[in-house]
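Visitor: Work the whole structure out from these sequences, hints included.
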Amino acid sequence: MQEPIRNSGAVSTDNQSKLYPKLKGFSIAQLNITSLTKHIDELRILITEMNFDILCINETRIDKTIKNSEIGLQGYDLTRRDRNRRGGGVAIYIRNTIPYVERSTIIPENVEAVCIEVRKPNAKPILISTWYRPPNSNSEILDSFEIFLQNIDTENKEIIITGDFNIDLMPSETENSKAKRLKELLNTYQLSQLIKKPTRTTESTKTLLDLIICKTDDPKTATTDVVELGISDHNLVYTCRKVGICKQKPKIIETRQYHKLSNAKFQNDLKQALLHINEHSDPNTALQEWNRIFLLIADINAPIRLRKVRSDRQPWMTDEIKKLSFHRDYLKKKAVITNLENSKNCKENWIHINKLLNHKTVKTQTINNIKFGDQNITGDINIANTINNYFVEIGPKLASVISPTDIDPIQPIQPCRSEFNLRTITTTELIQTIGKTNLNKAPGLDKIPIKLIKLAGDAIHDSLLHIFNLVLGTGIFPDDLKLAKIIPIHKEGDKAECGNYRPISVIPTVAKILEKIIYDQLSSYINDNDIICKQQFGFRPNHSTETALLKCTDQWLLNMDKGMANGVLFLDLKKAFDTVDHSILLQKLYQYGIKGTPLKLLASYLNNRKQVCVINNNKSGQETVQCRVPQGSNLGPLLFSLYINDLPMCLEYTQASMFADDTNLSCTGRTPAEIEHKLNADLSNVNDWLEANRLTLNTDKTEFMIIASKRKLNQFRTDIRIHINGSIIKQVKQKKPLGITIDNELRWTEHINEQCKKLSSAIALLRKAKPHVPYDLLRIYNSLVVPYFTYCSTVWND
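Per my numbering, the sequence shown starts with residue 1433, numbered consecutively.
These are calculated hints, taken from the structure and not from any lab test.
The beta-carbon is built from N, C-alpha and C at its ideal position, and this holds for glycine as well.
Hints are supplied without guarantee of correctness; some may be wrong.
[To be verified] Derived Cβ-Cβ restraints for the label pairs, each shown as a range:
{"id": "1", "residue 1": "Ile1839", "residue 2": "Ser2141", "range": "36 to 42 Å"}
{"id": "2", "residue 1": "Ser1501", "residue 2": "Tyr2213", "range": "16 to 22 Å"}
{"id": "3", "residue 1": "Leu2210", "residue 2": "Ser1501", "range": "50 to 56 Å"}
{"id": "4", "residue 1": "Thr1586", "residue 2": "Val2218", "range": "42 to 48 Å"}
[As the list claims (entries may be wrong)] In the DSS-like style, the derived pairs of lysine-lysine whose C-alpha atoms are separated by at most 27 Å in a straight line are:
{"id": "5", "residue 1": "Lys2133", "residue 2": "Lys1983"}
{"id": "6", "residue 1": "Lys1456", "residue 2": "Lys1629"}
{"id": "7", "residue 1": "Lys1879", "residue 2": "Lys1948"}
{"id": "8", "residue 1": "Lys1948", "residue 2": "Lys1886"}
{"id": "9", "residue 1": "Lys2007", "residue 2": "Lys2165"}
{"id": "10", "residue 1": "Lys1994", "residue 2": "Lys2165"}
{"id": "11", "residue 1": "Lys1994", "residue 2": "Lys1496"}
Guide: The following block contains the structure:
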């Protein structure tokens, strides 16, 4: 007879293997977790033991204030549909090597369900969906489930449906009407329910509530079973299929072996090898030779090696806690078999489990497939080339559909009386600029990290100073510094859509230093001459999101005190940074007094820029950028501010407030007709300005709001029609510009409620972190809690 496991928490490897069966094939699991945030770390332990390809979760009990990063699993993407923190909600974790798209359009409204389509080359797609039906809910959910089955029945695809339907399908002499209806639906659409064991066991009942459904004639099911876990009062159900799916590949990165580096030798080697750089008079050849020598010496003194990136471990996830988790699951399994009472042991284990810190940042840029027209592109290099081409072509494509206009984009700008001149820099300025460069900034395609630049010390100062002053004197920006590594960052929506990614330019380290030097001189000239309009709050000293919002809200409140209503139009520009026209920008710079060599330098900076897109550590070919200012650079945001600087000059009835491209237009009026006229007139003016500047208004995301007292709003029940080019602009009752939720009465109730929910989560994290990081708790408090109180607090904290 096997010796029972004692309360020490020890669990044998043999028992552990019995708890968690080995998975072969493509595995899909389903678990009702009764609060995802509460049990996320236990889920992270489980996923290391049962390495599912797809994990469906019911009763997540989260809302929009919970970020994906807080409930992420290493190596998995996440799609979800929330209800609230009291109940409901569903989610699917998908291994990030699996190509898939979300299929939200085939899910009926008002149900808790999500659906994805797994797409594998040369194989039939698989529709995977998870559903949650609340207890005691009416039969309408089964009507919606039937609509869903009708939708997917017409598609020639494999089907796997999981979920907690809260309908007991254990064999019984007296089945209730809902069980009969569900079975009838499955029979009608030739579907089979695979789970045959109870999935929820209490002292008095054994029920089968958690289901896995697939086509009746499906020959690919290899294994289906139920696993008793202590995470929830529901058991985990899973099925494995005979389908080949790519498993997780280890992430390989290049790192330099700094432990082998002798600072004195490194600097001496560089000093000797770079002596002849000052003989070059052309910035391009001088930089090319400098890069070659620097990398050669760096490779000798601090060789590059390839290193696997291990999954991040939480410091609170100790072996003891893992053993307790295994022990708890073992006890539950034993209790189910022997019907023994185990509440005391579980309670003791929960004391340990509840101490876990459940905040985890999981950030992945794995992209498995991308849509291009009717094609589904796979393969890292093919995807990289497709996204790179998309980023390069998006500006010209948007500009090509803009109607021709006779409006001169330069006409509103009054020429500046001053003129900008570049000056040569000193060694002290160079040293200060290098010293201020962030060590955490990633290197570009040149593979020269800022750490090595700083370690090189004065061995490189003379040569770099010579190259930089050549650039400032000749107006030639070296070609090697215009090659950017593009990292596509997913924003939201379908990950297979190119338009749902934002390009971040990672430029060479030397380019960052040179750009900062040019930026400091240019921004000093712009500030000294008050060139940036007073309505722009972005990328300016002593300006911020807080000052932008404070000015708007103060004016709105002042108008409300006068018995007036505010009409506020929130503009959304399509790919604003990516569609800046270089020729128009250079003409505007000339009007602002940037002429001669400085203008030649900025033209050289913009002209013939090239980029390479990197996907899953694989690089695309080089493409030439025809328009755009690079995001992720020092000069890009400043040049963009100058490009849109004259937008407020086209307005007649409204006042603009701008933070980079985040723009709203405000007017005041006593009647709906007055506000409608003013907003429509200036929206038309803005549209003309955008066309002249080759920019595009996103009418789908542009919205307006009437802000007034409750009494005044009652007088504004007449529909206000704001429109442009045949598109109707949507009216909203609340909006979230610059991270602050604004409602149409400036009550701040919704914003404060959101902050309270976030504060509750942050305080819970502090409480759980305290035993592990007692000396750093104040630092964590300042990072997690204080920002919720302080961010724009002068705006909303009455």
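Visitor: Now tell me if each hint is right for this structure.
Guide: Hint check results:
Between isoleucine 1839 and serine 2141 the Cβ separation comes to about 39 Å, which falls inside the hinted range of 36 to 42 Å. At roughly 19 Å, the beta-carbon separation of serine 1501 and tyrosine 2213 lies within the given 16 to 22 Å, and the hint holds. In this structure the supplied range 50 to 56 Å is violated for leucine 2210 paired with serine 1501, their Cβ-Cβ distance being about 23 Å. At about 54 Å, the beta-carbon gap between threonine 1586 and valine 2218 misses the expected band of 42 to 48 Å.
A distance of roughly 23 Å separates the Cα atoms of lysine 2133 and lysine 1983; the hinted pair therefore holds under the 27 Å criterion. Proximity of lysine 1456 to lysine 1629 is assessed by CA-CA distance (about 21 Å); at most 27 Å being required, the pair is judged to hold. Proposed proximity of lysine 1879 and lysine 1948 is supported: the alpha carbons are some 19 Å apart, at most 27 Å. Distance hint between lysine 1948 and lysine 1886 is fulfilled; the C-alpha atoms sit about 16 Å from each other, no more than 27 Å.
As the CA atoms of lysine 2007 and lysine 2165 are separated by approximately 26 Å, the hinted pair is consistent with the 27 Å bound. Simply put, lysine 1994 and lysine 2165 have alpha-carbon atoms about 21 Å apart, close enough for the 27 Å limit, and the pair holds. Pair hint lysine 1994 plus lysine 1496 does not hold up; C-alpha atoms about 36 Å apart against a cutoff of 27 Å.
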